[in-house]
Structure formats: structure tokens, C-alpha cells
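Peer 1: If you want the building blocks of each chain, they are given just below.
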Amino acid sequence: MTEMLLQVKGLKKSFGGVIATDDVALDVRLNEVHAIIGPNGAGKTTLISQLFGEQLPDAGSVFFKGKDITKLPIYKRADIGLARSFQVTSVFLDFSVLDNVALAVQAHSGHSFKFWKPASTEIQLRGDAMQALVQVGLDERASSKASELSHGERRQLEIAMALATDPVFLLLDEPMAGMGIEESAFMVGLLKGLKKGRAILLVEHDMNAVFELADRISVLVYGRIIATGTPDEIRENAQVREAYLGEA
Amino acid sequence: MSAQKKAANLDEYLKAPSLFGFGIGRIMTIVLMVLLFILPLIAWYMGNKFYLDFSSRIVCLAIAAVSLNLILGFGGMVSFGHAAFVGIGAYAVGIPSHHGYESAWLHFPLAMIAAAFFALVTGAISLRTKGVYFIMITMAFAQMAYYFFLSLEEYGGDDGMTLWSRSDFGFLNITDKLTFFLLSYALLALCIYLVFRIVNSRFGMVVRGCNSNEARMKSLGYNTYAYRLTAYVISGAMCGLAGALMANLQDFITADTMTWTRSGELMFMVILGGAGSVFGPIFGTGVFLLFEEILSAYTIYWHLPFGVLLILSVLFIKGGVNGLIQRAWKT
Chain A
1 MTEMLLQVKG LKKSFGGVIA TDDVALDVRL NEVHAIIGPN GAGKTTLISQ LFGEQLPDAG
61 SVFFKGKDIT KLPIYKRADI GLARSFQVTS VFLDFSVLDN VALAVQAHSG HSFKFWKPAS
121 TEIQLRGDAM QALVQVGLDE RASSKASELS HGERRQLEIA MALATDPVFL LLDEPMAGMG
181 IEESAFMVGL LKGLKKGRAI LLVEHDMNAV FELADRISVL VYGRIIATGT PDEIRENAQV
241 REAYLGEA
Chain B
1 MSAQKKAANL DEYLKAPSLF GFGIGRIMTI VLMVLLFILP LIAWYMGNKF YLDFSSRIVC
61 LAIAAVSLNL ILGFGGMVSF GHAAFVGIGA YAVGIPSHHG YESAWLHFPL AMIAAAFFAL
121 VTGAISLRTK GVYFIMITMA FAQMAYYFFL SLEEYGGDDG MTLWSRSDFG FLNITDKLTF
181 FLLSYALLAL CIYLVFRIVN SRFGMVVRGC NSNEARMKSL GYNTYAYRLT AYVISGAMCG
241 LAGALMANLQ DFITADTMTW TRSGELMFMV ILGGAGSVFG PIFGTGVFLL FEEILSAYTI
301 YWHLPFGVLL ILSVLFIKGG VNGLIQRAWK T
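In order, the protein sequences belong to chains A and B. Anchor point for the first sequence: position 12 equals 12 in my numbering, and the numbering is continuous, going up by one each time. Anchor point for the second sequence: position 149 equals 149 in my numbering, and the numbering is continuous, going up by one each time.
Extracted from the complex, chain A is given alone in its bound form (with noise of 0.2 Å):
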């Protein structure tokens, strides 16, 4: 049995009468791609905003490592090896490609109360930097605003902002979104080379980009998860392509 890292129990959120999570359980194992689908609605940004502590669940409690998370500040999360990326491209535009990646360094390597020497000067902060850009295959844009980058390679500057923080978790919401064919494909490529001594959450559309990544998939309607496999299980799954690839 490989390592579990993230653990969710009982999970409950509702917003006035709407349940938008319901009783969820989830695991996400060392070495693994654990997808969540599901339709529009379904409550995946609401579910994974829990994982985050973005939001507070009514009831049930997330584990990471085997601690109790649920209720620990966003920015003590990062620290303990969680990562995300976010649907809508989040990241600081009028700063340089290199400037954003290096904070997300400068984040996991000592305190950054430094008043004194630029931090475009620090051989490390770039270095390590440098290399999270080269992984995603955006070095070639290093200096170049945030701003001026396409959405495609936003949202590569996005994995490497991740990335960078070297997280041993990574939640990745739909970073598929908007993106062409081939922008797809390379980043289907580029995600595959990243389990490897991590867990990846990864939350998606792109029905082709999920079942070529997935070690496992976990379907989410109106809020309840109806049902866990391997792609192969989920695809021949009744009750999901009931409720969800709309065939009867």
C-alpha cells in the first residue's frame, strides 16, 4: 500500500439551502494522480477551496500526512508541502516571469523579513527559479512581464510558481482551461513528469487530458463523490455514465 498523504473525511459544505459538499471522503496517495470530474455545479472549486482552508467546512476534517489540517491558516500550508495552481491564472502580472517565480521560492527559503540586499541579487533565489521555468519550458520568456504572456504560457508560469515551492502536494484546478490542442498536449506531457515523488490533485475538464493522467478518478455530482476507480473502472462505471457522460 503506497503512502497516503491527503486524507478527507466526512466533508460538509452548504451555502443557505444549497449543499455544495456532501459527505465527501477522498484520498491522494504518494506517486499518484487522483482526478476529481464532474459537471459544472458539481462544487469541485468548493471542495478543493476546503483543502486549502480558503474555506471552512461545516463538518468532517482534512489530514495531511496523518495531522488534521482542516482549520490551519492558508499561508502555514505552503510551508507543510501543499501547492496549487489556480483556475483563473493567478500570478503577479506587472512583475517579471522570473520575479514570480523566484517569490514562490523565496517563500520555502527562510524568513523574508531582509531589508537590506535586492533579491534580484540572491544566486539562489534565481538559480532555483531558473530551473522551475526550465521544467516548464518557459526560460526563454524569463524576462518578460507577467502581462505580456499568452494564456497558454500563464498558465505554464503557473506550474512553475508551484512548482518552485518544491510541494510534496499539488492541487492542480483546471489547468487545462482555455487552452488549444497543442498547448494541451504539452502540458499533458508536462504534468506527467511531475508525480514522481508527489501526490497531484488534478481537477479537470478536459476528459482527454484526465484519462491519460490518471492513476485514479473520482466523480463528483451535485456535491456527493458517486464513484472512485481507475479510468478504466470509471469509464465502464453505469452509474456515472448515467449521471454524468449522459448516456442511459
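Heads up, a few of these hints could be off.
Unchecked claim - In silico negatives: residues of chain B with every beta carbon more than 10 Å from chain A:
hint, residue
1, Gly-21
2, Val-31
3, Gly-47
4, Trp-105
5, Leu-106
6, Phe-117
7, Gly-156
8, Asp-168
9, Phe-169
10, Gly-170
11, Leu-172
12, Leu-289
13, Phe-316
14, Gly-323
15, Gln-326
16, Lys-330
What the hints assert, rightly or not - Derived list of chain B stretches under chain A, where covered just means 3 residues or more per stretch with a C-beta under 8 Å from a C-beta of chain A:
hint, region
17, 200-212
18, 221-227
As the list claims (entries may be wrong) - If you only want the chain A side, here are some residues facing chain B, beta carbon under 10 Å, derived:
hint, residue
19, Tyr-75
20, Ala-83
21, Phe-92
22, Leu-93
23, Asp-94
24, Ser-96
25, Asp-99
26, His-108
27, Gly-110
28, Trp-116
29, Ala-142
30, Ser-143
Don't read these hints as lab results, they were simulated from the structure. Think of the CB as a built atom: it goes at the ideal place given N, C-alpha and C, for glycine as much as any other residue.
Based on these hints, arrange chain B on the given structure of chain A.
Peer 2: Just chain B, lined up with the frame of chain A:
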């Protein structure tokens, strides 16, 4: 690509930032700093004490504007209560003097510490809010400080208090107008350099990151609150220094320096000149005081054309005068 080649390429990404920026920005800033130094000296040489004092006023208020620029321009914290720090700095000179303690080595550190403490307490609360709420709460705290000092009968109340002799530096006699100007100018230069070091340091990158995208900073693992509060305290201390200088320049201390309209003027200086630049706050302060001087000779409604100017600059020129010139140069 090989790892060796990457390592070799890294050097070009390890550039240290330049104090005055690059290109036109650099020329503008240097010209401005030189003018601000030379013109008062010429005025002094011609025996025109008024313009020497007027320049000292620009320099002192520029320190306040530079301190506001640190949090407003770089940190995105729109403080509408910065005049409170000026006032606290001024009273840190006036109150000890009133009791017979006239050493500048007491006044100036006290001004900075008192302002920093006020920043720490009010910032700790204000920084829990965002946007308009932050603007309003900083203004409310400044108004509280204003009414507090207004109610101190012992220290002049609403009549203000006269500073009978200026802070005593020992070897420096700042009663001499030229000496005072030179000291103020040196302190302004120091503050500009400090802010430059700060905004480019690790700490500064974090504060600027919070301005750009605070949610992202949190998810990267930064305790954004602690960093923003620290910046707020540094800015407050620096502004307290400006207040101590202002008290000595005017030989008079009044709570009126702390009203919200004064805070508004400071914001105006920073935004008109160009927030987040070295050039902006200094230029903005100079222009504001010049306009005030010239327009108020013609009309008591001199704020009116000023208001129009502010609206126009906010609506049509992004990045203030600094941004305008930068763009004009590029095209």
C-alpha cells in the same frame, strides 16, 4: 539545453536594481534632485531667505510623501491618515521642549518611535480591513489623534504651541536656515535611499507581491499581514521624522497638521507625481507646494483648480506625471 548553459545564462538575470531607474526616469530624477539642491542655494546666495525656507518645506514634506509612497505606491495600502504621523513627530519635538528637554538626540528618535508605535497599534487593526474600509479606518484613527492633541490644553490645545528654540543637535545649529535646509536635504536623500533598498529587498518584493495579488501570496506561504504591518510601521516612523523636521522649520506646532485634509494632500502629492516611483513623491510635493504658493496669491479657492487637476490626472494619466513622461519618451 544543458545545465551548464543555463548556469552561464543566469548571470544576466542577477542584475542589481538601479537607484534612479533607467532611461528617462533616471535623468528626470537626477535633474529633480539637483534642482532641489541648487535652487535653494542660489536663493540663499542672493539673500532670499523666503525661498530657502520654502525649499526646506518642500524637502520636509517630501520625506512624508516618500514614506507614504512606500506603503501606497509599493504596498498598495491607501493610508488616508498619514498626517497623524507628521503631527505625532511634531509633538515629539514640542512636548519635550515645553518641559525643557531640547536635545535633538531625544526629539528625533522619540518622533520616530512614537510614530512607529502609533503605526503599530493602528496598523494592526486597520490592516485587517481592505479597500475603502482601510481608507476610512486609517482616516478615523488620524482624526482621533487630531482630537486628542487638540484637547491637550497644557500643550496649546487648539491655539497650537510655539517652539521657542529649535532642537539642539550640539555641533549643528539648525536655527541657521541654510544648515536646516542641508540637514533636511541629507535626511530626504537618506530616506529615498532607504526606501529604494527596502522595496528591492526580499521584504520589499513580498510587500509588492501583496499589492499585486495578496491571495496568491498567501497560498505561496507568506504571512502577508505581518509583512504589510511591518511596512506600515516603517512608513510611520519615517513620516514621524518628517514631522519633527516640520516642527523645527515652522517653530510652531499645531494639531491642524493632522487633519484629514492634510492626509489628503500627502496622498495627492504621491499620486500626482506617480506612486511607486522615486521621482513621483518628490516631484508631487514640489508641484503641490508651488501651486499652493502661486494660486493662493490670486484666490482663496485655490483648492478648486487643484481638485480638477487631481481628477484629470487620476482619470487620464496612469502612473502620474512620472508615468506620463515615461510613456511620452518611449513613443
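Peer 1: Evaluate each hint against the coordinates.
Peer 2: Results of checking the hints against the structure:
| no. | hint | verdict |
| --- | --- | --- |
| 1 | Gly-21 | 14 Å, holds |
| 2 | Val-31 | 25 Å, holds |
| 3 | Gly-47 | 43 Å, holds |
| 4 | Trp-105 | 24 Å, holds |
| 5 | Leu-106 | 26 Å, holds |
| 6 | Phe-117 | 19 Å, holds |
| 7 | Gly-156 | 37 Å, holds |
| 8 | Asp-168 | 31 Å, holds |
| 9 | Phe-169 | 27 Å, holds |
| 10 | Gly-170 | 29 Å, holds |
| 11 | Leu-172 | 27 Å, holds |
| 12 | Leu-289 | 30 Å, holds |
| 13 | Phe-316 | 20 Å, holds |
| 14 | Gly-323 | 13 Å, holds |
| 15 | Gln-326 | 14 Å, holds |
| 16 | Lys-330 | 14 Å, holds |
| 17 | 200-212 | holds (count 10) |
| 18 | 221-227 | holds (count 5) |
| 19 | Tyr-75 | 5 Å, holds |
| 20 | Ala-83 | 8 Å, holds |
| 21 | Phe-92 | 4 Å, holds |
| 22 | Leu-93 | 7 Å, holds |
| 23 | Asp-94 | 6 Å, holds |
| 24 | Ser-96 | 9 Å, holds |
| 25 | Asp-99 | 7 Å, holds |
| 26 | His-108 | 6 Å, holds |
| 27 | Gly-110 | 9 Å, holds |
| 28 | Trp-116 | 5 Å, holds |
| 29 | Ala-142 | 6 Å, holds |
| 30 | Ser-143 | 7 Å, holds |
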